[in-house]
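S.K.: Here is what each chain is made of, one letter per residue.
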Amino acid sequence: MKRLLVLGAGTAGTMVANKLRPRLPRAVWDVVVVDQEPGHHYQPGYLFIPFGRYRPADVIRPKQKYLHRGVNLMMGEVDLVEPELSQVRLVDGTVIPYDYLVVATGTTPRPDQTPGMDGSGWRTNVFDFYTLEGAAALAERLSSWEGGRLVVHITEMPIKCPVAPLEFAFLADTFFEERGMRDRVDITYVTPLDGAFTKPVAAKRLGGMLEERKIALEPDFYIERVDNERQMIVSYDEREIPYDLLVTVPLNMGADFVARSGMGDDLNYVRVDPGTFLSTKWDNVFALGDAADLPTSKAGSVAHFAAEIFIENFLQYIRGGEMTHRFDGHANCFVESGGGKAMLIDFNYETQPLGGKYPLAVVGPMSLLRETTLNHWGKLGFKWVYWHGLLPGRKLPVPTLMSMAGKTPEIAEIETREKEMTR
Amino acid sequence: MSLATIADREVHVDEEGFMTEYEEWTEGLGEQLARNIGIEMTDAHWKAIRFLREDYLAQGETPTLRRVTNAGGIPTKELFELFPKKPAKKMAYIAGLPKPAGCV
Chain A
244 MKRLLVLGAG
254 TAGTMVANKL
264 RPRLPRAVWD
274 VVVVDQEPGH
284 HYQPGYLFIP
294 FGRYRPADVI
304 RPKQKYLHRG
314 VNLMMGEVDL
324 VEPELSQVRL
334 VDGTVIPYDY
344 LVVATGTTPR
354 PDQTPGMDGS
364 GWRTNVFDFY
374 TLEGAAALAE
384 RLSSWEGGRL
394 VVHITEMPIK
404 CPVAPLEFAF
414 LADTFFEERG
424 MRDRVDITYV
434 TPLDGAFTKP
444 VAAKRLGGML
454 EERKIALEPD
464 FYIERVDNER
474 QMIVSYDERE
484 IPYDLLVTVP
494 LNMGADFVAR
504 SGMGDDLNYV
514 RVDPGTFLST
524 KWDNVFALGD
534 AADLPTSKAG
544 SVAHFAAEIF
554 IENFLQYIRG
564 GEMTHRFDGH
574 ANCFVESGGG
584 KAMLIDFNYE
594 TQPLGGKYPL
604 AVVGPMSLLR
614 ETTLNHWGKL
624 GFKWVYWHGL
634 LPGRKLPVPT
644 LMSMAGKTPE
654 IAEIETREKE
664 MTR
Chain B
88 MSLATIADRE
98 VHVDEEGFMT
108 EYEEWTEGLG
118 EQLARNIGIE
128 MTDAHWKAIR
138 FLREDYLAQG
148 ETPTLRRVTN
158 AGGIPTKELF
168 ELFPKKPAKK
178 MAYIAGLPKP
188 AGCV
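Those protein sequences? They're chains A and B, same order as listed. Plus 243 on top of the position in the first sequence (first one is 1) and you've got the numbering used here. Plus 87 on top of the position in the second sequence (first one is 1) and you've got the numbering used here.
Pulled out of the complex, with its shape left as it was, chain B reads as follows (with noise of 0.2 Å):
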């Protein structure tokens, strides 16, 4: 873990760049974070940001890409158009939540 500075902010990231401590996002930081890998934040963007937050909150973990379809109610194909070829990533990423566990 490390400290990086984003938005003029210091905030703790791991070896991949993902924020490690939940309270320490902002939706301004999340504005800078998509900015670094070339998204540029529309309500579209933020409806599923917002969903992963609440979400990480009640379920404690990030839900995956299916969860967000199935209980965020946006279709795979548009996250797919909002976060090029890896949404479930990205969406973590931009969200300052760790990278979604289905990967085992």
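Isolated chain A (complex conformation) (with noise of 0.2 Å):
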């Protein structure tokens, strides 16, 4: 019997393990998975949670109903990989061999590497909204908040699904709005980045978007510590930013188990190749989704685009072929810009988010970088998609390598840079 050992049963993993399963014949193959809680969480479902839109059980589903029969789910925490011995160990001292790993431990928000962080002001004015608790505490917070400096707050590239804080921040915008409040409120934008995105063209697109919504950015804001007493903010080069509501993404760290095993990059996270996520040092290991160091962003898309080569690929590889497919770094998102619009966004390694339509089946095209209300209900529609389609391994109408289709570059747009450096 050959063993495939899959580590989480999140996006990626639960992904991989339902399209491998019906591909690798039973009485040969063992395809377990191991993880440590017993729900599933529809993670995009957090940005929604603060402001009333989903309560917390809209976001959980039991993992082992999204689990083909035939794939082993084993309850557990990992302890350490080793991978010289290609076997895996668990805190209760269980021993797990494998054939082939894949390591989808996926990325955790860590506010206790940021001093101050997690101190007095914690969950009272200082807020995360990427874990299921702190959306919720936040949610109770907002609900009788009566205004003041609400800081919206990136610790540090990269982090998981890397426009939720700017989707934060406009929902805000039109939840003041509604609530008849936002002349109470100021907000502001605190970010690593030198600017509101990380690509040239998005960044100006969104940029504008925050103008537009009086909300001010503060780019080049590389936290040191949170000062709980004055409220405030301060950064390495001394900028204060005063607040009365901190709502942060804290440093985002890879699996612990990942560093003890001697795997990760400084942030735990697993170095793989790019294009087909074999580690670098092990050819029996892989890693999907955010557990990878790949250079693009961590995301649900990404995820399942990679799952998508990973497969193939993997199929290739254990019968001793050569791996074909490459991944390029596909990824897609649909950015939520308050009053009922989003915009989308589809790019990879090489190619920016651009402007123009998405070519998209059954629905028709999708507006890229501009906000309507189409792209909202593809937004909430998602939801649907992801339970029904994503995680049972369906094949999705949308294409794994991204598509110039539609698109319409924009290189003009993109302004040297290196004058600004130097200001």
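For the record, the hints were derived by calculation from the structure and aren't laboratory data. Worth double-checking, as some hints may not be accurate.
[As the list claims (entries may be wrong)] Derived CB-CB ranges, DEER-like:
id, chain 1, residue 1, chain 2, residue 2, range
1, B, Thr163, A, Arg384, 25 to 35 Å
2, B, Glu168, A, Met244, 31 to 41 Å
3, B, Glu168, A, Asp516, 36 to 46 Å
Cβ atoms here follow ideal geometry from the backbone N, Cα and C, with glycine treated the same way.
Make the complex out of the two chains shown on their own, each in a separate frame, by following the hints.
M.R.: Rendered as structure tokens:
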């Protein structure tokens, strides 16, 4: 019997196990998934919880239910991977040998890594929204908040779903507007990047959207600590930004066992080939989804496209063949912009998000980099697609590799930034 | 990609002025690149730049600020004093390396 061992039953792990199970003969292959939490969280839904649009119960379902029959789910916490021995040790002492390993344990917010962040103000006037508990606590706080200085803050890149903090700021603007208290709230968006987003064309468009909503932008802010007494965030170059309510995205890190096992970079992400996800060190270890050190966004869409490539490659690889498919870093996401609208971005390792149209079967073309109501419905409808199409491993009507069809290159808009750097 | 003349030498640079050929860089060029962005190199500056060069060779990518602190042993606070405001970008520029990829 051969064993494929998948660590983590999140988006990437579930998809891979479900897609591979029917293609690996049961008499020969055992597919085992290890996870420590029974609930599968629809993480894109966290964004809507602080504003009372979703409740926590709306985003959780049992993991077991979403794994195909024939996939063995084992509950347990990983202590160590021993790649030289091709085995995994769990905290309870269980040892699981494998023929092939897929690390899909994702990335986690770590407020403990920034001095003062999880201090006396934690979940009183300092909140995260990338955990269910954080999003729910923030919903409670916002429901009775009387206004003041709201600071939306990113600690360090990379973070899971890099557009979510922007969406949070846009939705907050709408939320306060609807409650008739927008004039009593100052919103500041604080980022370590040099603009609203990572890539120039999208950064410019999203930066404009912040401006239209009177949300102040504070770029190049690299946080040193949270000063709970004075209610300020302080940067390494000693800038101080006061807050009444701080909504922060803490440092994101891969699982600690990755570091203990000597498999990770400085943030515990597994070093892999960006085209095949094969470990740069071990020839029977792969990492998928947020757990890998890929130079693209950490997002469910990336996990999805990456899984499609991985499956075909893996079936070639275990038969001794060469892996002929290469991932291009394809990511796409809806960016909720408030007021019942959203925009869509689509990009990869080489091509930044551009304007134009995104061809899509049945519902018709969606607008890229432009706010529309259809994109908003696309965003909300994706929840259904996630549970019923994506996780079960059904083929979705979107291309795995990024396509230039419908896109408008705007290279002329990219300004040389050398001058800016010297300021 | 285009050619630029730095300290009387022709080198390959990208559209933001970052050098693209590892082998074309010399410490003399580094000094000139630093001057271009208003930095006068000292021993402390060189310690960081030399770490970047070595780490790039070993890892195949420009180290992030976090890595310069963790593996290079230079406190982040000091990096902000040496290379004000945008240390990761400025260090990569002076060291003749691609912009760090953390920004995705």
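S.K.: Now look at each hint and say whether the structure bears it out.
M.R.: Hint by hint, here is what the structure shows:
1. B:Thr163 to A:Arg384: 25 to 35 Å: 31 Å, holds
2. B:Glu168 to A:Met244: 31 to 41 Å: Roughly 59 Å apart at Cβ, these two residues miss the hinted range, so it is violated.
3. B:Glu168 to A:Asp516: 36 to 46 Å: 37 Å, holds
Going down the numbered hints, you'll see the structure goes against just number 2.
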